[in-house]
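Novice: Sequence order for the protein chains is A and B.
All residue numbers for the first sequence refer to my numbering, where the first residue is 790 and numbers rise by one.
All residue numbers for the second sequence refer to my numbering, where the first residue is 23 and numbers rise by one.
Do not rely on the hints blindly, as some may be mistaken.
[Unchecked claim] Taking CB as the label site, the calculated pair distances span: (1) A:GLU1206 / B:LEU25: 43 to 51 Å; (2) A:GLU1250 / B:LEU25: 51 to 59 Å; (3) A:GLU1206 / B:THR26: 17 to 25 Å; (4) A:ASP1479 / B:GLU75: 25 to 33 Å; (5) A:SER1503 / B:THR26: 19 to 27 Å; (6) B:GLN51 / A:SER1503: 34 to 42 Å.
[To be verified] Here are some chain B residues pointing at chain A (derived, C-beta under 7 Å): (7) MET23; (8) THR26; (9) ASP65; (10) LEU117; (11) ILE124; (12) ASP162.
Worth flagging that the hints you see were computed from the coordinates, not collected in a lab.
We put the CB at the ideal spot given by N, CA and C, even for glycine.
Chain residues, written in single-letter form:
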Amino acid sequence: MAADLRSLLSSHPAGVLNALPAAIYTTDAQGRITSYNEAAAAMWGRRPELGELWCGSRRLFHPDGRPMPKDECPLAIALKEGRDVRGQELVVERADGLRRTALPFPTLVRDASGRVTGAVNLVVDITESQTVRETRRAADERYRAIVDTQSELVCRFRMDGTILFVNEAYARARGMRREDLEGRSLWEFVTGADRERVRADLERITIDRPEMVIENHCETAAGTRLYMWTNRALSFDADGRPVELQSTGVDITDRTLAEQALRESEQRFRVLADNISQFAWMADADGSLNWYNRRWYEYTGTTFEQMQGWGWRAVQHPDHVDRVVERWTVACRDGQAWEDIFPLRGKDGQYRWFLSRAVPILDAEGRVVQWFGTNTDITEQRAVEEELDRHRADLEERVQERTHELKETYERLRMSERMAMMGTLSAGLGHDMGNLLLPIRVRLESLASQPLPDQAREDVEAIRTSAEYLRRLASGLRLLALDPHRSAAAETIDLRAWWTDVEGVLKSATPRGVTLEARLDESVRRAPISAAALTQVVFNLVQNAGDALRERASGRIVIESREEAGEVRVIVSDDGPGMPPEVLERCMEPYFSTKTRGISTGLGLALVHGLVREAGGRVEAQSRPGEGARFTLRFPIPTRRASGHQPLAIVDVRDSRLRSLTTRELHGLDVRVVNRAEGATGAALFVTDDQEKLCGAPEGAALALFADAPHGFSRPVRALGPRPEFGALRETLRDIFKDHAPPAVPARGADIIHDR
Amino acid sequence: MPLTERPISVLCVEDNPEVAQALKMKLSQDDLFVWKGWIPRADDLIETVRREEPSIVLLDLDMPGRDPLDAASELLRVRPATRLVVFSGHAREELIERALDIGAWGFATKNDGENELLRVLASVVDGRVEFSPEVRALLDA
């Protein structure tokens, strides 16, 4: 049965009081002890007389050891100040000198009107808990001393977030004072997203996983970010409930910021690298590629997985890859900047050329940490360079060719000049010869007609022979000097007459010891080639034959003419060394010569060939080594007109000179001429100098008039004027009879070259 | 038209005295001709022809002084009856044509010789235009 405390107190006051473990005593309003219990007496270690002031202990002290006057004890203060005092610890010294730490609870007693009548003091001996506290504090202090010296950031807090302890380092890192942190809630400082994160982290710590190591960050008082590498360790009570969390962190802000800065910098670099037009890449110190810019992938169409390390070999050209790999390896080994030029395969399978460079990036000790490289597309440049080289080579070749051509042209020019000079000389000589010989001949003739002694007669004859020879020589020279091309079409020459003219000059071209002989068949009178052309042709052939025989200083050159197989043939042959097949084949090529350049232009036989063909003939060359050479000029026999019909012209011209001239010209065109229209049937031409005679012109005849054009004449008339120019006359007549003119002998077939 | 007078008087225009003398000798051998003399330059041609009145003028082309064909051209305008025969060391087509254009009757080269010249002269006397072989060859080409 629960006794009412008041009834207990009123019935057994002392018993109750003495049962209490706490010391209790009372005083009157002035502080005189009015009663006390056994615990109080035990505490004091004495039994004071009632009426002692304030306290029954021998002495009182402050907790820090200073003496406390009794009238300053909490009870005294309570009574003096009229208020209850709480929480002030003191040290009570007993009579036997033993000291105990106590916590008094002085409480004022008031009467009904509120007037203080006395006080009751409950004093609790807290010596034991004080010791514990002391120990704890000492431990704490030791702990603190250790932890404070750490650079790590240490924070201990209860699960509800109350911060129990922070070390100096932590407080400093947070930019706050320790006292502003300890006792406050963690959640005051960890807010927003951080709070969510930390809460989530903390929930992951369980008794099975009591520790957690994470990268943590939070905001400091200054608003900056604090980065920590945090170890969180939870301590649990006997029931497994979490009690406290100790967080130990390493401040990695600098490192983290540096890393961030590096990453940003890298990021910026990559953006840059991706946007330059070159390929860029990075490699480890050992040369293994660890990054390529976007351009690389765009070009090669590859992926990083394919290209990393040494995978780039796959896009190298097979002819180059080994060399490239070797040089790259060496560069990495030596840490030397690297440069190379090689083709890379694009995603289209085509190769392009790249100039590639890499530089090493060194650490503070000079060791290579990374390689940074680029590839620059130089395909266009190379193409241009190659083309330039080609052009240069081409140009050089052309320059050489040109130089060669120029030299040849120069040589030819010199030769031509010399020949022209010779031509002029010849012509000059020929002319002068004429002047010189005429008097000689005439005088000799006069001499010969006079009575002479035999010897004198003989002498005269000899001189006449020489003079004749000279004359022919002059003729021959003049023929040689004439431009052979000018006298081209339709000329025929009398071979024998020609020979008399040229024999001298040809013999003069023959070297010592070599004979020149002509065997001109009687039956062959005419050759369809101009005298000048034939002279130059035969002169060249004789010269060549002579050159072939010169060294031997003996031999024979024979000139023949005969008619064979419908052709007039002129043959120049020699018994010299002959030509090997390869020379024979080319002997009539322009500029081809077996003699040294200075002596020969290589044009002689080409000239022969040209002139003969111009005249409508062919050249046949035959030779075998050791069997001399034989050149046959083959001309078709000049034929009259196929019809065999000789046209007729009527030349009814009073002026005898003009009549004679016209007649002569017509004869030259192989036209028969009569001087009267009467009886002239089928005339092709009627020419007169009398306009009125035109009416009598036969039908079908072309009309020509040596007068001004007639008026109102019905038929077309070629009016040449009263004094026609010779050139115009000739043209007109030739034009009228062009269809009747002996056909120009066409060149037939190719030249024949064969050995005998 | 043949020349009718006999003998045929010939005037020579020639700068080489040996040649002139030889021609004189040659022509003198033939009764057909009579030598009227020779002048070394064409400058005096017309005057001389007026004075001497030759039937034929024998004209060399290569002479100093006035261009012989030029002088001859003038002569033939003034005295068209004169028959001109060119006797020259040169035979070039343009010279021949030019000579014919001014009205020459004949053209002979010295190289063809004096006998040929006589032949040409005889033809000209006969009223025919005539050429020595070299000239003929050139024209017939």
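Novice: If you check the beta carbons of GLU1250 of chain A and LEU25 of chain B, does the distance land in 51 to 59 Å?
Specialist: The hint (51 to 59 Å, Cβ to Cβ) is violated, given that GLU1250 of chain A and LEU25 of chain B are roughly 36 Å apart.
Novice: Would the stated hint for ASP65 of chain B survive a check requiring a Cβ distance to chain A of less than 7 Å?
Specialist: violated (20 Å)
Novice: Does the nearest C-beta of chain A fall within a distance shorter than 7 Å of the C-beta of ILE124 of chain B?
Specialist: violated (9 Å)
Novice: Next item in the hint list is LEU117 of chain B. Is there a CB on chain A closer than 7 Å to its CB?
Specialist: violated (11 Å)
Novice: Falls inside 43 to 51 Å, the C-beta gap from GLU1206 of chain A to LEU25 of chain B?
Specialist: Distance hint for GLU1206 of chain A, LEU25 of chain B holds at roughly 48 Å.
Novice: Is the interface hint satisfied for THR26 of chain B? The criterion is a beta-carbon contact with chain A at less than 7 Å.
Specialist: It is violated, given that the least Cβ distance between THR26 of chain B and chain A is near 12 Å, above 7 Å.
Novice: CB of GLU1206 of chain A to CB of THR26 of chain B, is that within 17 to 25 Å?
Specialist: Violated, at about 54 Å.
Novice: Between GLN51 of chain B and SER1503 of chain A, does the beta-carbon spacing fit 34 to 42 Å?
Specialist: violated (56 Å)
Novice: Is 19 to 27 Å right for how far apart the beta carbons of SER1503 of chain A and THR26 of chain B are?
Specialist: Since SER1503 of chain A and THR26 of chain B have Cβ atoms about 41 Å apart, the given range 19 to 27 Å is violated.
Novice: Given a hinted range of 25 to 33 Å, is it respected by the beta-carbon distance of ASP1479 of chain A and GLU75 of chain B?
Specialist: Given about 30 Å between the Cβ atoms, the range holds.
Novice: Taking the closest Cβ pair, is ASP162 of chain B under 7 Å from chain A?
Specialist: At about 5 Å, which falls below the 7 Å cut-off, the nearest Cβ of chain A leaves the hint on ASP162 of chain B intact, so it holds.
Novice: Given MET23 of chain B was flagged as interface, is its beta-carbon under 7 Å from a beta-carbon of chain A?
Specialist: holds (4 Å)
Hint compliance for this structure: hints 2, 3, 5, 6, 8, 9, 10, 11 are broken, all remaining hints hold.
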